[in-house]
Structure formats: C-alpha cells, structure tokens
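Asker: Spelled out, the chains give:
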Amino acid sequence: MRYRTGAIAKRLLFIPVAVFIVITLAFGLVNLTPGDPALVIAGDLASDEHVAEIRAELGTDKPLPQRYAAYVRELFTERSLGTSFFTKRPIWDEITQRFPDTLELVVLGLLGAVLYGSLLGTLSSYFRRRWPDTLSRTSVTITQSIPDFFMGLLLIYVIFYIIGWAPAPVGRIGLLDRPPDRVTGAVILDTLIARDWGLLKTAFHHAMLPVVTLALFYSSHFAKTSRAVLSRALNSDQVEFARACGLSELRVVGYAFREARTPVVTYIGILFAALFGGAAIVETVFAWGGLGQWAIDAMLKLDVPAIQGFILVVGLLTLLVYLLLDLIVVALDPRVSYE
Amino acid sequence: MTAAAAPPTASLLEVTDLRVQFRSRRRTVHAVNGVSFAIDEGETVGLVGETGCGKSATVRAIIGLLKSPGRVTAGSVRLEGTDLVGLHPRQLRQIRGASIGFVPQNPFGALNPVLRIERQFRNVIRAHGRGRRAEIRSTALDMLDAVGIADPERVLRGYAHELSGGMAQRVVIALAMVLNPRLVVADEPTTGLDLTIQRQILDLIRDLAETEGRSMLLVTHDVGVVAQYCSRVLVMYAGQVVEAGPVRRVLTEPAHPYTEALLAAVPRRGERLVGAQGTVPTLLELPPGCFYYDRCQYRSDPRCATEAPSLREVGPGHWAAVHYDKGAGST
Amino acid sequence: MALVTLSEVRKTFRRGRSEVHAVNGVDLHIEAGETLALIGESGSGKSTVGRLALGLIQPDEGHVTVDGMQLDGLDRKTLQAARQNMTIVFQEPFQSLDPLMSVGRIIEEPLVIHEPSLTPAERRERVTDTMQRVILDPGLYERRPRELSGGQQQRVGVARAIVTGPKFVVLDEPTSSLDLSVQAGILELLANLQRDLGLAYLFISHDIGTVDYFSDRVAVMYLGQVVETGPKAAVLDTPRHPYTEALLSAALPADPTEQPPHIALTGDIPSPTQLPEGCFFYSRCNYRGDPRCATENPPLRQVGPNHWAATFCDVGSTPVSL
Amino acid sequence: MSRARLVLARALPQRATEPSEGGRAGRALRALGKGALTHKGLTIGFVVILLILLAGFFAPLPHDPIQPNPESTLQSPDGEFWFGTDRFGFDVFSRVFASARLDLPIALAGTLLSIAVGIPLGLAASNKSRWSERIMRGLDMFQSFPLLVLAFAIVALTGNTLQNIIFAIALVNVPRFIRLVRSEALVLRESRFIEAATAIGASRTRVMLRHVMPNTMGIVLAQASLAAAHAIIVIAGLSFLGIGITPPDASWGVMIRVGSQNIATGQWWVSFFPGAMVFVTIVAFNMVADGVTRLIGRAED
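Protein chains in written order, with the working numbering: chain A, 1 to 339; chain B, 1 to 331; chain C, 1 to 322; chain D, 1 to 301.
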C-alpha cells in the first residue's frame, strides 16, 4: 500500500512538468511551425503593411523568447487565454460555453462504444471461431473502415432522408425549438432540470445520429481489445482451474472479465481525452455547435489565439484524464504497485 | 484392450477406449487413440509419458475441459458408474471440484490474480452449495492448515502474487480438495517447483490422499515421481497406453520397448546413456501397424508393421501392447 | 593455473528500489577439459555465475579469469574477440535461436565474426563439418529453427557454440526443457565433444541425476554462495553441508526399490533482497547448534581431499530437532 | 507421371539445398510471396491497393476529372455519368479514380516518413535508462493528445501544401512507430537469442542491425499498413473540413464534402462513391495488416 501512495505522489509531482509541456506545445504549435500564419491569414495578394499589421496583432513580430514569456505571463497572471482574432471575445468564455455540449456528446458516444464494442468482443471471444465470432469481426471490420464523418452522412441519408426516424442534422434541437434555460450548459441536462419532457425527447432525437456515429466508429477499439484480452483470459490457466473447481460459466466469464477490466478502462480514458478533439468532424456534420466544431471553424478562419487556446485546454484535459486513469488502474489491480 | 478395461470389481474411475481429436480446417491431430484404464478406490496411479504423448489431453478429457478444437470422438469416462462424456454441462460442473479435484501444473496461473484467496474459496464452495461466510471461512482456514500453511489468516486475506511458488501450490491443492473429492487428478503438480519444494508438495498430496482414502491420477514426465509415489503406472506413447502395471514390476522389468528406452534414458552414474532413435509419429495420420514400429529395436513379428498390438497381460496385473515376448530372444 | 577462475565474485542487481544480491562471494576454478557442475535451486545465483564466468555481466567485486585473460574491466572489443574461446549453450533451445535465420546462418555467425578472412565456401564447409559433428543432418542447412524438433534445435545451439573451437563452454541447464529420451542424446553428444575437443564445461543444473552422470566435480550453491564443493563422488555420496544433504535427499530415484530417507527442510529460501545474518542456511537448518551459526557466515573449510564445505557443524551428527 | 512429379517436388526441400544466392532481400521477398499465396487476405488487399493506384494514374477516364461541365449538374448515375455528377457538374466516376493520384501517394509518403523516423528513434529509445523512460512518458502524453485535431491545426496554420499534409500525417503516426519498435526491441533484447548473439561475440551494432531490427520488421510492416489506413482517414478528414486538398483538385474527402450538402435532400451519389472508395481502400490496408500479422505468427488465433 505504501508503494501505491508513493506512486500516486510521483504522478502528482509530474503534473507541473506536464502542464509546462502542454503550454509549450500550444505555444510552439503556432510559433515554431514552419511558415508564417500572418502570411496565410493575409492571403497571397496582401500588401506588406497589412502582413506587418497582422503580425503585430498576433505578436509574431517580437523575438521568440519575449513572446513565450508574455504568453506564459498572461496565462498565469491574468488567467487569460487571449481573445479571438475575429470575434474579439475572450477565448475562455468561448470554450466554457461550448464545453458542456461536447461533453454530453462524448460521454454518450463513449458509453455506446463501450457497450457495443464490449458486447461484440465478448461474443467473439466466447464463441471463438463460431458464427457469432465471424459476425462480430465482420462488423468490426466494416465500422472501423468507414470514416466517422462519412458514416454520419450515410446515417443521415438512410435514417433521416429515407426512413425519416431522425430529425434533420441541424444541431442540438430543432431550429424552431426554444432552448432550455441555461443551467449547466448541456442541453439534455438542462431540459431535465427544466422538466421539459417534450424538449428532452427532441434533444435525444437530435443526439441519436451523432451518438450512434461515434459509438459505431469507436466501438472497434473496445471490440478488439476486449476480444484479445478475453480470449487470452478464457484460455488461461486460472479459468481452466476455475472450471475444474466446478464454478459456473457465468462466474468463469466474470473471472475473465476482471482481466479485461484494466485495458478497457484505459481505453475509455484515452478515447475520452482524444474525443474532445476527435469528435470535431462529427460535430461539424451534425452542426452540433460544440467545442470541436468551434475549433474547426477557428482553424478555417486561422483564428490563431483560438487554436492555441483550444490546444491548451484539450491538452490540460488530457493530462487530467490520464491522472485519473492512473489512479483508477491502481485501484483496480492489486498487482500494480509501480516500483 | 477391453480385457484391461473390465476388471472384475467396479472401479472408481473407468476410462474405456477414449479417443480425442483436435480437428481444425487444415488438419486433424489424433491426440488420444483408444486409452483404457481404471482406478480403484484409494490407489495412486501414475500416468507417465513425454511431450505430445497425449497425457494432458487424456486428463482434460476426463475432467471435461478439452480446449477447442479438441473433442472426445469415442469412448467413455465412468466415475462411480456415471459416464462423464456427453453429460449435461450443469451436471458435469457439479462433479468437477466436488467429486474430482484437479491440481494443475502452474499454481500462479491457476489462482485468480485480482481476487483475495478467501473469495476464491468462497466461490468454489458456493458453486456446490450454500454456505455462510463464517462457515466457509473456517473451512478454508482448516484446509489451509491441513496443507501446511503456517499463517492461514494472512494468506486468506492476501492475493496470489504475495505467495511463494510452494505456498501457491499449497493453496491450489487446498482449493482443489476443499470439497473432499473422491478422485484427485494432478497434472504435473511439481513441474517448475524447486527440488526441495517438489518433495514437500508430493508428500503433501500423498498424505492428503491417503488419510481420506482418495484415489489419485498423477500425471508426470518424471520417472522418479512415479517410482516413489505411485502404486500402478500407465505408460503413454503416441496417444496410447503401451504398458500398464504395478510400478515395481513395470520399472524393473519393462515389457514394452518404449518403456525400456524411457528407463534407459534416465541418467545414472557410471552407466552409458542411450538416446532414443527415430522420432515420435506426428499423429496427423495414424500409422497402420504398431505406433512404435519405426523406433523399435525388437520388431520381428510380421504383424508389427501391419497390425496395431493391443494390451495383453504379460504378468500378474501387468499389461503391454506388444505382439511378442521381449524376453523370448530378439535382436 | 586453472583455465577458468572466479575469485571472491559478487554481483547485485537493482530491481526498482530493492537490491537483489544474486552472487555473494563465489570462488570457483575449472581445469581444462573437466566438467564442473553447479547445482542449486532457483534463485541460488547459479545462472548469474555462468554469465559472470563468460563476462556477459561484470562482477561488482572480485575477478574472473579465463585462459589467462582477466575479463572484468576488459574493453568491449577485446572481450568480444575473446568470445571465440568461450561460449554458452542455453536452457531453451528454441528461444536461443534467431527465428528469422536459417540453421546454417546461425551456426555460421561466430565464424563471420571471428574469422572474417574465410571465404563463403570455406565457411560453409566448416558449418557442414560442425553439423555432422553434432549429428545434425546437413540437409537442414536452409531450415528455420521452428521447423526443427527440440533436440535438433539444441544441437544447433551446440554447433554454434563449438564452431569456432572454444576451450570453455557454459552449459546453462542445456537439457532441462527437453524430454528424457532427447536429453540422453544431448548429454551423450556433449560428453563426446568434451572427449574429442578437450572442452571445459561449467554445467549448470538442478537435476541431481544428470549431474551425477555428467560431471567431474560439483559445486552446490545456496543464496548466491557456494556452500559445498568437491569431487562428484565425495559431494554426492558423503555430503558435508546440511543443505547439500537435504537437496540430495529430495531427489527421487527412478528405481522403486530404492527409498532414500527424506530430510525435510522447513520454510522457503530467504529472499536475496535481504540477506540474513549469520549462516545463510540458518533459518532452515536441521543441525544448527553452534553459537556462531546465528551470527557468523561460515567460510568454506576443507572436509576431505579437495572437498570443502561452508559449515560450522558436522553433517552426520544427530540433527537438532526444531 | 504427375504423381511422380508431385512426390519429387515434395522431396526437394529435404535435400541439401545450394546456398541461396538471392541474398537476404530475395529470400524475404520469396517468403512474402509464399505467404501471399497461403494468406488470401494479404494478396487481395495488396492487389486492390495496387489496382486503385494504377487506375488513378493510367486508367482512361470518361470525363475530365478537374473540368466541370456546368450543363449537367447533380445528375443521378446513368449511362453517361456512371456515378452521376455533383452540383458543379464534375463527373463523380472520373474524380473518384483521379483522387487516388493524390490521396494514396500522400498516405504512403506520410507512412514511409513516419517509419523512417520511428524505427531509428524507437531502437535508440530501447535501452532501459531513466532518460528513455521519461522520453516515453512524454511521448505517451503527446500520443494521448487528440492528434487528429493537432494535425488539422498544423495544416491549417502552415498552409495546405502537399509537404505540410505529409508532415502532419507523419507527426500523427510517428509516436506509434517509436512506441512499437521500442517495446518490440525491449522484449527482443531480453530474449535468449540476443543474449546468445552477444555470447558469440557479436558487437552491439551487429546485434542491433542483424538480430533486433529484422525481428521487429514484421510487426512494423503490419503497423505500417494500419497507419496507411489511418492516413487515408486523416487526409479525407482534412479535405472534408476544407483544410486539406482543395477543389478543383480531386480528393475523396473533397468530394464527400461537396456531396454532404446534398445528402439530406437525397442526392446520395455525390458523397457515396468517394466514401465507398475510402472504405474499400481502408479495408484493403487492414487486410494487408491482418495478413502480415498472421504471416509472422502474431495473430491472436
């Protein structure tokens, strides 16, 4: 047990270093990449004065160390991520406003991916080399080979246009619906709080296709991992011994599941962090209006401070998720002690 | 062969003409090819043979745990008269653990790494009936005490990875015998353990079997283990029992040339070692005659090449699958 | 002077925060053409001694000399060149062969390294000769290791070891993963090679039977120390250290009429991360009685002609019951 | 007669064969060829990719892929426009095949670049020093980052030239090659045959180049195929968002983007055919990866 607290302390001590790395990365992305953002923003026909103006506004006319110092100073003293190059709004506000929407999408999408993927993986490993295995592996091959945005379009065509089960891909709720009072910022949660059941249904309806898209695309990770780990576990000596002791199949599969627990949880953590950016395309397809869509817009418009702020926030979020992940893995497995 | 399988009194375990195949799309491995033997109440039978001789497949067929794609294609396994082959999985589950205790080779692999030992006892006991937590706990403590664990309380609270190899195997034995099975099947229970520990574990298994009058099937590749711990021995080669009989007789006067070669390969001071000639058949296709024909130095009988010999009695309780009498003058 | 000498060799490995004291002051010597068997249980440090004897790992303290060359502190190039004279055969034959290389190329590699002046044809001839010498069909030249049986794989390992004509070979449990009938063939081969080529062997084993069959002298290791050493017959027939006595009694004779008394030991081997005080065997010893046992680590003392044991007590005297 | 030849053919490998003069590469190729015959998936995947690539460059296309015909916009598939046209009047069929000229070479170039960087770095990081542990920890973090978005940002900020897209793809894929090569090399370095190589006097370089590296190549090849599939997704994603390849250049992502505006109104063909092509390409790469994994005996089954 002492080893474990030591390991956790070590992780905590690592945080400042990691934060520093993330900040540097966000800074370096804009300032160290070859090419001059000002030139890209200004376009090919811009005059030198115009380019210089943009440079001054971005701060890229000053020497690198000075810029870096200013960036870090602003970050820590004013807790500011800067303001958008185009809307002039504080980037922090832009991000926090959209964060809950993306969170909702990511949580629901991941939930679907974990459930569907683990189901496929379990069927696959338990009925190894029989028809459920073939079926599940074919499904995985197909879903992992269709890019998420294309899958979204296919779903829109089939489910919305042909069958008509889903509403048009216009965002969280219909264009004419009045949004719920903003409490958490997450539409589904807010309609729940407002007890507006009709709107809740609409919100779920609108969330259906994007969630299914994410769930299908990312389920292959869980299907493959759980299949590999469960197959190994179901063939392991401990499972054989459990069977030899007369334990029920349900209990035996439970033994195997415990083996798969750690890698599945790890994947959930990794994808959770990655999806804040990874869901961006799906958000765009469904006009979801979350963090990802905003970031993509910023990239298209070359809103440099916004891109920088987005990278920083997502990086820090990743860091946080990884820390939690470490703690959970330690709690799940008595063998992990981190020497 | 049937003669060996039908002893006058009913035995605890009767295996009759057992055949196991591992069939995949590309090939079929004939792992066990007509094995028959019986184990009486209270006796310890050794099953000895080298890698790939089918001893592991035989054992797993007995406890109904053949790994896919292996399956029993013929024969029966009768435990106290009930045929385990083709038994409903639920009934088979009731027999495993309760009537047949299984001691596997690798104790660390056999224990669940993330469950406390106490929980594993509880799972085993509750799989065969009800039990209150406290009762199960005291049963487990008694059992751990019986397998010679000095601090059972602490072991019960802990996890598998905190145990030494010898301790882990003791815990496994305790789990396998906690429901007092009539038959214990031990599959190379000491392979991988140190010499001094091996002897302790074997003594322990023997003592636990003797005091309760249990029968035991001890699978091993070590002639020494058979010589010191078994009363009868079955020698397996290429998926068949080629010789069976009382240990003293088989190990001193082997009737089958394979047994003889196996014994000649045991290193002894001052004696010249004789390595085996030829190779084991692949078991993908069964040869027409005696499976040992290619390697045999006594082959002389014309039937050797064409007809597989069946077990015949060559002495009191001593059976061998040969066409000729080795003593009666050969090359 | 002996072909191989290890004097006061110590080696500690760091594993995370703890230190594993694998070898704790070992003296050994091996004469040209003889076989010294190193017996011990897992964790006794016998494999580490084998690797120290070849300079595959460097000792923390003490010296290793092979054929007049001191291996510790040697620069890498010279050490690499010296490997022409000394080599090793491993326990797991398959794992010790590069799965991508053909049998011929595996056996050839030492020649490529140590005798670069050979032409490919000459090399091939040497390889074929060596294959015949280890009774391996030269037709297997182009085969991959996985197409071979365990016994054949080990013959490839032996061929690779002897192709450059070494004087000293460490045999690290060369037959313990093989079947009995295959083991016999390998042991026979190794004995013949020793006779024909005058090889010196350090034969690492945990199997008393093969040691009895195969060796000239025996050294018994316990917790990183040699507790007893001497001529084979002396050590195996009249053990003088209580651990040797217990170890020998644990061996199971293949003859059912033979039933040696079993001297049971209590407890497990102490962890090599925390060496005990006094005699390392104190916690499991049936003879402890001398007051020094608990406080002093007994040095090797002579107990017979060329026969040494690290003990204060006399095995054979009545064991003190616990 | 035919039976005799069969028996002879079977007996051949038993005989002492002459030293093969084909050399290492030749033998590796032959092994791969032999593997391709026994592993259908590998062959099919490989042939499909090759066909798509060749069709992109050499197939006679019915219409000019980068010259729209304003008179026939949003036509559904028919005898003249096999896959229909989009709202600018581009022929979908011609563009679907022409896209392979850009998308596939970029994906392959990006993958090759990431291998070229990843293998040496991975090998270098395979010593067990504290230093390399820390680097890997940092790499872990970098890899856990939403790399896809990072790639988008980089291309957006540096401009959508071919080099920048290739660079972004390499950046996304390099960490997994470093990680893969390192972890493989770490396992290999502990293995007996590496110890054996040291024991016969092989130098460190020889051990690394002759024993460690060749034994990582199989799994690297499998991973490269997966990386190429991923690269196809990244390129399509970039172009779909309007960051990567831009019209009138043909790219599957661009075509899906154009069609996405019509899909909710039922003109499915504009997006569907390029999407299907992406799907086929990715499946082909995955088949190659599966085949290689099986070939080197690392598959789960």
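Honestly, the hints are just simulated from the structure, not real lab data. These numbers come from a predicted model, not from an experiment. Wrong hints could be hidden among the right ones.
With a straight-line Cα cutoff of 30 Å, these simulated DSSO-like cross-link-like pairs (lysine-lysine) come out [what the hints assert, rightly or not]:
{"hint": "1", "chain 1": "A", "residue 1": "K224", "chain 2": "A", "residue 2": "K62"}
{"hint": "2", "chain 1": "A", "residue 1": "K88", "chain 2": "A", "residue 2": "K224"}
{"hint": "3", "chain 1": "B", "residue 1": "K67", "chain 2": "D", "residue 2": "K40"}
{"hint": "4", "chain 1": "A", "residue 1": "K224", "chain 2": "D", "residue 2": "K40"}
{"hint": "5", "chain 1": "B", "residue 1": "K67", "chain 2": "A", "residue 2": "K224"}
{"hint": "6", "chain 1": "C", "residue 1": "K167", "chain 2": "C", "residue 2": "K77"}
{"hint": "7", "chain 1": "A", "residue 1": "K224", "chain 2": "A", "residue 2": "K201"}
{"hint": "8", "chain 1": "C", "residue 1": "K232", "chain 2": "C", "residue 2": "K167"}
Asker: Work down the list of hints and note, for each, if the structure agrees.
Answerer: Now the hints, each set against the structure:
no.	hint	result
1	A:K224 / A:K62	violated, 50 Å
2	A:K88 / A:K224	violated, 45 Å
3	B:K67 / D:K40	holds, 27 Å
4	A:K224 / D:K40	holds, 22 Å
5	B:K67 / A:K224	holds, 22 Å
6	C:K167 / C:K77	holds, 19 Å
7	A:K224 / A:K201	violated, 33 Å
8	C:K232 / C:K167	holds, 22 Å
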